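A.B. asks: Sequence:
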Amino acid sequence: MPDILPDCTHGVRGYVADYLDSLTTLLGQLDPDAIARVVDVLYDCWERGARLVLCGNGGSASTASHLVCDLSKNIYLEGGKPFEVVALTDSPAVLLAWGNDTSFDNVFAGQARTWVRQGDVFLAISGSGNSPNVLEAVSVAKEIGAITIGLCGYSGGKLAESVDYALTARRDNMQQVEDVHMILGHILFSALRDRIKGLIS
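Under our numbering, the sequence shown has 314 at position 55, and the numbering climbs by one with no breaks.
If you are wondering where the hints come from, they were derived from the structure by calculation, not from laboratory data. Bear in mind that the values here come from a model prediction, so they are computed numbers and not experimental data. Keep in mind that a hint or two might mislead.
[What the hints assert, rightly or not] Derived BS3-like pairs (lysine-lysine); straight-line CA-CA distance at most 30 Å:
| no. | residue 1 | residue 2 |
| --- | --- | --- |
| 1 | 340 | 417 |
| 2 | 340 | 456 |
| 3 | 456 | 332 |
| 4 | 401 | 417 |
| 5 | 401 | 332 |
Working from the sequences, and respecting the hints, build out all of it.
C.D. replies: This is how it looks when you write it as structure tokens:
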């Protein structure tokens with residue numbers, strides 16, 4: 260969906276109200292069935308003892324790291340069984356080594372060859388849906404035989420076309436796309452936790 264900018268003519272309060280209204284509309288456009296399918300994939304990954312690997316650039320890198328914290332610590336504490344979760348964003352030394360010695364397009368793909376195994380789940384985050392290094396990593400994950408998930412923005416981009424499961428915040432506004440991705444991450448974590456605890460089926 261096209262970018263809907265808050266109205267700057269109504270002062271700060273009006274701007275904030277417009278931003279919140281716009282974000283509420285965007286959240287309302289998400290497909291609960293598509294989100295539930297991703298929860299199923301994550302539950303199956305945890306139940307099988309498979310690994311979940313994440314990546315993303317910039318703000319999306321922070322989202323990936325945040326979700327590792329939620330999923331690795333809290334799923335164990337509340338579910339009693341570890342969930343092996345790793346973000347390819349979390350070692351600056353490794354990222355810089357791959358970027359310097361090859362190219363920035365390989366900073367995640369190179370690591371994916373180490374961490375991703377057949378049957379694992381690979382979750383890629385890209386606001387534009389077209390980040391070359393994210394797409395390269397997805398390609399490697401698919402080659403290995405992983406199940407792929409994309410958190411996308413804008414029109415979904417190449418990422419939405421290449422993954423097995425895509426959740427797309429359809430707005431040409433990077434900040435609101437990143438807002439939605441963080442909320443999606445918390446929904447996925449919370450639903451997974453509560454399913455493991457038997458609170459939902």
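A.B. asks: Against this structure, judge whether each hint is valid.
C.D. replies: Hint by hint, here is what the structure shows:
Pair hint residue 340 plus residue 417 does not hold up; C-alpha atoms about 35 Å apart against a cutoff of 30 Å. For the hint linking residue 340 to residue 456, the alpha-carbon distance of about 11 Å falls within 30 Å, and the restraint holds. A C-alpha spacing of about 15 Å is found between residue 456 and residue 332, which places the hinted pair at or below 30 Å, so the restraint holds. Restraint check for residue 401 and residue 417: the C-alpha separation of about 14 Å stays at or below 30 Å, so the hint holds.
Taking the CA atoms of residue 401 and residue 332, the gap is near 27 Å; set against the 30 Å cutoff, the hint holds.
When held up to the earlier numbered hints, the structure conflicts with hint 1 and nothing else.
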